[in-house]
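Colleague: Residues per chain, in single letters:
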Amino acid sequence: MTEKQIAQTFSERVDGLLAGQTPPGLDEAPLLSLAAEMIAVPAMDPSPAFMQQLRRQLLVSLPRERVVQSHRRWSFAGIAVTLLLALALTLVWNPGAPSAAEVLARAADAVAIAPGQITYFVSKVEVEGIVADNVEGIHSTIQEYWSRAGTTPDGRITSVESAGTIYLADDTGLTHPQIQHYSTLSKLCMRSLDPSTPPRPDLDDEGCFTFSTLAKNDPDPMAIYVGESFQDWINRMRVNVAEIEFHESRFNDRPVYSLTYREAGHQTQAPITVNNTTTGTIVAWGSDSVPSTVVTYTLTLYIDRETYLPAGVVSIAPDPPMVFTQTILEYQVLDPADLDFDPFVWPPER
Amino acid sequence: MTGGAGELDFAAFYDEFLPQVYRYVRYRVADIATAEDLTATIFEKALCAWGKRRKPDSVAPWIFRIARNAVTSHYRRRGRQLEVPLDCVEGKLSTGSGPEERVLNAERWGRIYDGIRTLSSRDQDIIALKFGSGLTNRAIAPIVSTSESNVAVILHRAMRKLHAYLEDDQIPVSASDKESQL
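Going line by line, the protein sequences match chains B and E.
With this note's numbering, letter number 205 in the first sequence gets 310, and the count goes up by one each step, no holes.
With this note's numbering, letter number 153 in the second sequence gets 270, and the count goes up by one each step, no holes.
Just so you know, the hints here were simulated from the structure itself, not pulled from any lab data.
You may find that some hints are simply not true.
Claimed, not checked - Residues from chain E that keep clear of chain B, each with C-beta distances beyond 10 Å, as calculated: (1) 153; (2) 161; (3) 178; (4) 187; (5) 241; (6) 280.
Unchecked claim - Listed below are several chain B residues computed to face chain E (Cβ distance under 8 Å; list not exhaustive): (7) 140; (8) 144; (9) 150; (10) 159; (11) 163; (12) 231; (13) 421; (14) 432; (15) 435; (16) 437; (17) 449.
Stated by the list, open to error - In silico EDC-like links for lysine to aspartate or glutamate, alpha-carbon gap of 20 Å or less: (18) 229/B x 259/B; (19) 162/E x 443/B; (20) 109/B x 120/B; (21) 278/E x 309/B; (22) 278/E x 266/B; (23) 162/E x 233/B; (24) 292/B x 440/B; (25) 278/E x 133/B; (26) 278/E x 353/B; (27) 292/B x 275/B; (28) 292/B x 276/B; (29) 278/E x 275/B; (30) 109/B x 133/E; (31) 278/E x 447/B; (32) 292/B x 310/B; (33) 162/E x 266/B; (34) 109/B x 353/B; (35) 162/E x 231/E; (36) 162/E x 358/B; (37) 162/E x 132/E.
On a predicted model such as this, the values are computed, not experimentally measured, just so you know.
Using N, Cα and C, we set each Cβ at its ideal position, and we do this for glycine too.
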């Protein structure tokens, strides 16, 4: 059996447990036995007092006309039109493998963001190559990232503010932040939460400096994510779709569309060091804001075949040789109203 | 219930979804007070959006996305501090009849909870939606923006990790205990 089949069977048996069935051999199946334990915790239910109190509280503030259910009834004519449309679509729609252009169009829709909206994603970032002190290696981190979209004077939608937290690679529960960062179009800020790491001398009292300062210095680890976004990559691939290598594949055990594009671009690379240990590397492409070298790099975007959201990206630069792999663990586009905190506050609360 | 929000009233929506949403939150946070606060916030947001006549295609993914965001916000505010499951310490989660059994159940759940907290945020979400809210993989998929089959794989892997954690976390059996088992 493949892992997918085993997982599917497991889920079916868990669904059986949830429905009150007791599968045979439960004691000999440790995962299922654990599942049964987790289902059997009764104190997970809300107390009746809490339910009633919240119900009263909410419904008091609900205008009466909204409490009264308003049934919308379709007319027979409406139903007939709908049925005809469904029939017509069934007859003419012949779903086949989409083209690269279609995949990129749907991916662009999936990550589309309006000014004011926030892109949030959690990713595992791995950099393989010469990352620090001419030492070759692989450095991995988990990164949580927020980006607020805004509009440039020429009407282009871009990230005007970003913030994030970097965790060690094995901290998948995001419990021990190592570095917090924040950037705008003109300012970069960073704070290490490791007390043994002294603050950089060129930072102001809030842990920030401006891009004009940055440009005078060597490639700097604070240049976190000044590179491009998934929206940028997808849009550039759409423009150059004739040059895309496109096929279906798997990435991080997910069925994906793989889109590969080669082009010359800027590359900046610098390590992040915490407590004398390199915990990550900052990589930025396509930016003129930080010192960089021009290389021909290969960029492969992986788009989830079902959701059309980014599943990951792999970029390979030949000189110095480096492979950057970003695996998306979670990706969401949020309205500010969805959040009851501001992820862009700097300095953040610890 | 899979209908659009325009087809049902808020009171019916509340009665149907509150227990499921509460149990999801309860799986994600350590104590009852926080779970109640977050659940109240989630339904206040839902009511607010309801009042603005938002009509999402399907209310279930919509309310659970609000719930996920509320939990994310909670941990963001708290700086992802590890939480002690106080309710377990107090024995409120216990289900056994006698005091000893209640303590054992509470300790066992405390270990399971600790194990869940070592998983990734997405793994925790899927476990909470499955075991807390009792949702099918098909219902979970749009909430966590992945496919139904991927939910099954993630769930199975998360349970394997959790089981491995609990195996590693076993308290060594003392000599006298071993004798008593014989």
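Colleague: It remains to establish, for every hint, whether it holds in the given structure.
Modeller: Hint-by-hint comparison with the structure:
1. 153: 5 Å, violated
2. 161: 7 Å, violated
3. 178: The assertion about residue 178/E holds, with a minimum of 12 Å to chain B.
4. 187: It is violated; residue 187/E is separated from chain B by about 7 Å at its closest Cβ, not greater than 10 Å.
5. 241: Violated, because the least Cβ-Cβ distance between residue 241/E and chain B comes to about 8 Å, which does not exceed 10 Å.
6. 280: 6 Å, violated
7. 140: 7 Å, holds
8. 144: Given a least distance of 6 Å, the restraint on residue 144/B holds.
9. 150: 6 Å, holds
10. 159: 5 Å, holds
11. 163: Given a least distance of 5 Å, the restraint on residue 163/B holds.
12. 231: 16 Å, violated
13. 421: 26 Å, violated
14. 432: 11 Å, violated
15. 435: This interface hint holds because 5 Å falls under the 8 Å limit.
16. 437: 7 Å, holds
17. 449: At about 11 Å, which exceeds the 8 Å cut-off, the nearest Cβ of chain E leaves the hint on residue 449/B violated.
18. 229/B x 259/B: 34 Å, violated
19. 162/E x 443/B: Satisfied, since the Cα-Cα distance of roughly 8 Å is no more than 20 Å.
20. 109/B x 120/B: Within the cut-off at roughly 16 Å; holds.
21. 278/E x 309/B: 43 Å, violated
22. 278/E x 266/B: Cα-Cα ~36 Å, so violated.
23. 162/E x 233/B: Roughly 44 Å separates the two Cα atoms, so the pair is violated.
24. 292/B x 440/B: Roughly 24 Å separates the two Cα atoms, so the pair is violated.
25. 278/E x 133/B: Distance of about 18 Å is within 20 Å: holds.
26. 278/E x 353/B: 29 Å, violated
27. 292/B x 275/B: 30 Å, violated
28. 292/B x 276/B: Between residue 292/B and residue 276/B the Cα gap is close to 28 Å, so the pair fails against 20 Å, i.e. violated.
29. 278/E x 275/B: 13 Å, holds
30. 109/B x 133/E: 32 Å, violated
31. 278/E x 447/B: 33 Å, violated
32. 292/B x 310/B: Distance ~13 Å between residue 292/B and residue 310/B Cα, so the pair holds.
33. 162/E x 266/B: Cα-Cα ~25 Å, so violated.
34. 109/B x 353/B: 18 Å, holds
35. 162/E x 231/E: 29 Å, violated
36. 162/E x 358/B: 35 Å, violated
37. 162/E x 132/E: 16 Å, holds
In the structure shown, a violation is registered for the earlier hints numbered 1, 2, 4, 5, 6, 12, 13, 14, 17, 18, 21, 22, 23, 24, 26, 27, 28, 30, 31, 33, 35, 36, in ascending order.
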